[in-house]
Amino acid sequence: MKKHQKILVGLLFVAFLGSTLTSSMVSDKSNADFERIPLSAADDAITSANVTIDNPLLKRAINTVNITFNNSAFLSSDSFDANLTFSDDSSLVIPLANSSQFPKVWSALYTPSVSNITGEVDVLIEPSNPIHENNFADGSFTIQNNLPTVSVQLDKNEYLRGDTISMDFYPSDVEQSVADLKWVIALYRSGSDTPVETFVTNESIFEFDYEISNTTETGAYYINATCWDFDERNVITYPFEILNNEPTFANVQFEFEDGTVGELTIDVDDWYEIYRGKNFTLRVNATDLDTDLSDLRLTIESRDPITRQAIFFNEYNLIEPSTDENAWLFEVDLTFPLTTNLGIVELAIILSEIDPEIDPDENPTDYALNTITEIQGIVILNNLPTISDFFINDQSGVQISVSTADTLNFTFAIEDDEDQYLWDEAHDDDEKPLGYLTITFEKSGEIIKYTIPYNYDSDIVFTLKTSALGAGDWAVSFSFQDKDGGVTVYSDAPSLFTVTEPDRIAPMNWLMLGVGIIFGGVLVFGSTYGIIKSRASTKVRAPLTEKPLESIETPSDVIEEVEEKKESKKGKKPGRKL
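Using this note's numbering, the letters of the sequence shown map in sequence onto residues 1 to 578.
No wet-lab data here; the hints were simulated from the structure. Everything hinted at is true.
Cross-link-like lysine-lysine pairs, in silico, BS3-like; alpha carbons within 27 Å at most:
1. K465 with K449
2. K483 with K449
3. K182 with K59
4. K465 with K443
5. K278 with K483
6. K182 with K156
Pair by pair, the computed Cβ-Cβ distance ranges are:
7. N202 with E362: 50 to 58 Å
8. N202 with V93: 40 to 48 Å
9. D355 with P239: 20 to 28 Å
10. S204 with Q101: 52 to 60 Å
11. P56 with T198: 34 to 42 Å
As the structure is a computational prediction, the values presented were derived from the model and not from experiment. No residue lacks a Cβ here, since even glycine has one placed at the ideal position from N, Cα and C.
From just these sequences and the hints, can you work out the full model?
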């Protein structure tokens with residue numbers, strides 16, 4: 001064990017000795033080179049981690065860079081500098097400053113001048129009395145040229161063919177005067193590298209007007225403004241659109257069946273009233289500055305005021321213009337169907353400029369280049385029913401007289417184009433009535449009314465027993481209400497008719513009639529009885545002996561014999577019996 005301990009102690013001694021020699025050698029070298037120790041080999045090296053460049057890109061005379069060095073726990077020095085090395089190897093040393101509030105933070109601001117050379121600038125942070133050497137830059141930034149510009153002021157960003165583009169040019173450069181600049185202004189179509197037209201070529205012109213031709217292709221365009229200073233050129237583009245001119249309505253006219261004519265108006269007080277099923281004519285003239293009028297189409301649309309469904313169902317879609325130069329460009333006869341609900345509708349008059357190369361039937365969404373619409377308010381009216389005639393017991397226009405025992409049959413001639421159309425198209429025994437007929441009877445202030453449903457059936461008869469009215473002179477009048485609430489009163493009513501009581505028999509006549517009936521009954525009874533009795537006695541009596549004709553007594557002889565017997569009896573006196 002002692003041997004091993006001796007060996008260990010020996011090794012420790014050798015190690016200590018080697019360490020001491022090495023330290024002595026380094027100390028000697030440091031003393032020899034005390035003035036210039038490479039910073040990269042020092043423990044207190046300044047690196048980019050300690051240096052901050054807040055703006056890597058600087059425009060001359062415009063931008064400023066802040067260079068900051070954080071010296072916390074690194075070097076001890078009274079001051080530090082920033083050594084700037086430019087792209088042409090020239091250099092500039094600017095001192096860094098600190099504050100009592102942040103004594104370890106050193107910084108400086110730098111703004112390149114208009115004459116500064118452009119390019120990358122290396123930044124090296126060094127103590128003012130350097131005892132260390134830094135072989136690598138601690139940071140960098142780049143100085144850039146300020147590009148010249150020509151600002152083009154357009155009066156708008158959309159133009160129509162035939163318009164004039166008014167341009168104002170405003171050249172500028174921070175580093176050079178306008179007199180030292182040159183610029184070129186040209187018109188380009190988007191997607192093309194060839195200018196449509198060059199307005200200004202290396203000339204100091206500050207404004208220009210350019211008229212767009214009616215044949216110029218529509219689409220996206222831009223103004224290319226190129227400007228040069230002593231260093232380089234700058235290109236700025238200003239986009240805009242060239243549009244096709246919309247067609248315009250020159251004149252819109254309405255003519256109605258009664259001959260009245262009206263112009264297009266959007267004033268609610270001037271909306272036109274139109275009856276269903278009645279024809280009216282729409283006439284339109286239009287213009288287009290850059291389109292052949294043959295490429296215009298007219299479409300008429302409207303929607304039901306209640307269901308909002310289309311009324312015309314493309315009946316008046318893409319109407320072609322007239323080729324007659326003396327006529328209106330468009331002339332269309334319109335009719336609102338009888339089934340249209342009543343109310344206010346908007347009549348849309350749509351003028352379209354179509355692309356002649358596109359078939360609307362094949363491409364119904366993209367055929368129109370431009371479309372404009374005018375709206376005319378229309379009030380849809382109900383056609384009132386008409387009562388052209390009526391008949392009482394098949395007679396018309398004749399005052400009749402009937403008794404209270406008679407019956408009156410009324411028939412009517414009523415028409416309503418709208419409701420009758422519905423009745424004819426969808427007749428059903430269970431169909432609700434399309435109208436109501438009101439019959440009014442009036443006599444000396446007494447009024448009797450009857451209202452009956454009516455469905456334009458020619459077999460409808462209104463029957464009334466006159467006993468329901470009573471005797472007297474009656475006036476009858478009629479009115480009819482259709483399904484839309486329109487009421488028509490028969491214009492020739494009231495019409496008169498008379499109801500009379502049957503003829504009365506006087507009381508004496510009634511008595512004589514009774515007596516006659518009784519007397520006649522007695523005679524009939526007596527005659528009948530005599531005949532019956534006579535026939536009965538003939539059956540039980542012996543046959544009579546026939547006398548000679550001359551022995552039959554005449555009635556006068558019988559009367560004389562009777563008288564003689566009476567006289568003889570008068571001369572006799574009655575005797576008393578004992």
